[in-house]
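Asks: Order-wise, the sequence lines are chains U and A. Residue numbers for the first sequence, in the numbering used here: -13 to 102. Residue numbers for the second sequence, in the numbering used here: 785 to 889.
Hints in this document: simulated from the structure, not taken from any laboratory. Backbone N, C-alpha and C fix where the C-beta goes; we use that ideal spot for every residue, glycine too. Keep in mind that the hints are not guaranteed to be accurate.
[To be verified] Which stretches of chain A does chain U cover? Using the computed rule of at least three CB atoms under 8 Å from a CB of chain U, they are:
1. 812 to 825
2. 867 to 875
[As the list claims (entries may be wrong)] Pairwise CB distance ranges, derived in the manner of DEER restraints:
3. Gly(-6)/U with Thr804/A: 33 to 43 Å
4. Gly(-4)/U with Gly800/A: 40 to 50 Å
5. Pro864/A with Ser102/U: 22 to 32 Å
6. Lys829/A with Arg29/U: 14 to 24 Å
7. Lys51/U with Gln884/A: 33 to 43 Å
8. Gly28/U with Ser810/A: 16 to 26 Å
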Amino acid sequence: EVQLLESGGGLVQPGGSLRLSCAASGFSFRTYAMSWVRQAPGRGLEWVSVIYSDDSGTSYADSVKGRFTISRDKSKNTLYLQMNSLRAEDTAVYYCATYRRTFDIWGQGTMVTVSS
Amino acid sequence: DIQMTQSPSSVSASVGDRVTITCRASQGISNWLAWYQQKPGKAPKLLIFAASSLQRGVPSRFSGSGSGTDFTLTISSLQPEDCATYYCQQGNSFPITFGQGTRLE
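Can you make the complete structure from the sequences, with help from the hints?
Replies: So, in structure tokens, the structure goes:
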């Protein structure tokens, strides 16, 4: 079964850090570009970051550039999002997804709440 | 950045109705346009890719059309399970952007 399973969300204080993980199974993880997309409570979808299949490059939304880092471990079939200097406006459900110009496969999401 | 504008923001329809949602890009994106369906508390689900290609497993009552800057998602005969929020997304260039969503009731 094709599956993406996020973990690592939780409550963190402003200025804090959190690392999200996304475990992939049921498909050839190493051949896919992978991405993070977030959704603030009651709001629409916002693309966050992407890492290419050959790890040749990454891209970030301006809202997270310099604070978030996307990476992957192909030996563990796992995608990561290191989030530093968190702000209240980063509060959202974070989804990982495969990316091929579209987001084909989605995880169930993990909630990140930034609050004191 | 490419802005994606959906209309309407919300629509109310009845079972069996034909429903059309439009998405306009602020600049040409060829056919790099996708549509997603999202139900409350769930992850989005890909419906249409490359503007008009139906994702495997998606009912044929869903269809997409358009190229360049103007796109449409059509549900030919609305079913109760189609109540959801629909988003368009451009994959032409970074940053990837979504429309603001259309709530279908």
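Asks: Hints first: check each against the structure and report whether it holds.
Replies: A quick look at each hint next to the structure:
For the stretch 812 to 825 of chain A, the stated coverage by chain U is satisfied: 4 residues place a CB nearer than 8 Å to a CB of that chain, which reaches the threshold of 3. With a threshold of 8 Å between beta carbons, the proposed coverage of the stretch 867 to 875 of chain A by chain U holds, since 3 of its residues qualify and at least three are required. Our hint of 33 to 43 Å for Gly(-6)/U and Thr804/A holds, since their Cβ atoms are close to 40 Å apart. Look at Gly(-4)/U against Gly800/A: about 45 Å separates their beta carbons, and that is inside 40 to 50 Å.
The hint said 22 to 32 Å for the Cβ distance between Pro864/A and Ser102/U, and at roughly 43 Å that hint is violated. Between Lys829/A and Arg29/U, the C-beta spacing of about 18 Å keeps the proposed range 14 to 24 Å intact. Taken as a hint, the range 33 to 43 Å is violated for the pair Lys51/U and Gln884/A, whose Cβ atoms sit roughly 22 Å apart. The hinted window of 16 to 26 Å between Gly28/U and Ser810/A holds, with their beta carbons roughly 25 Å apart.
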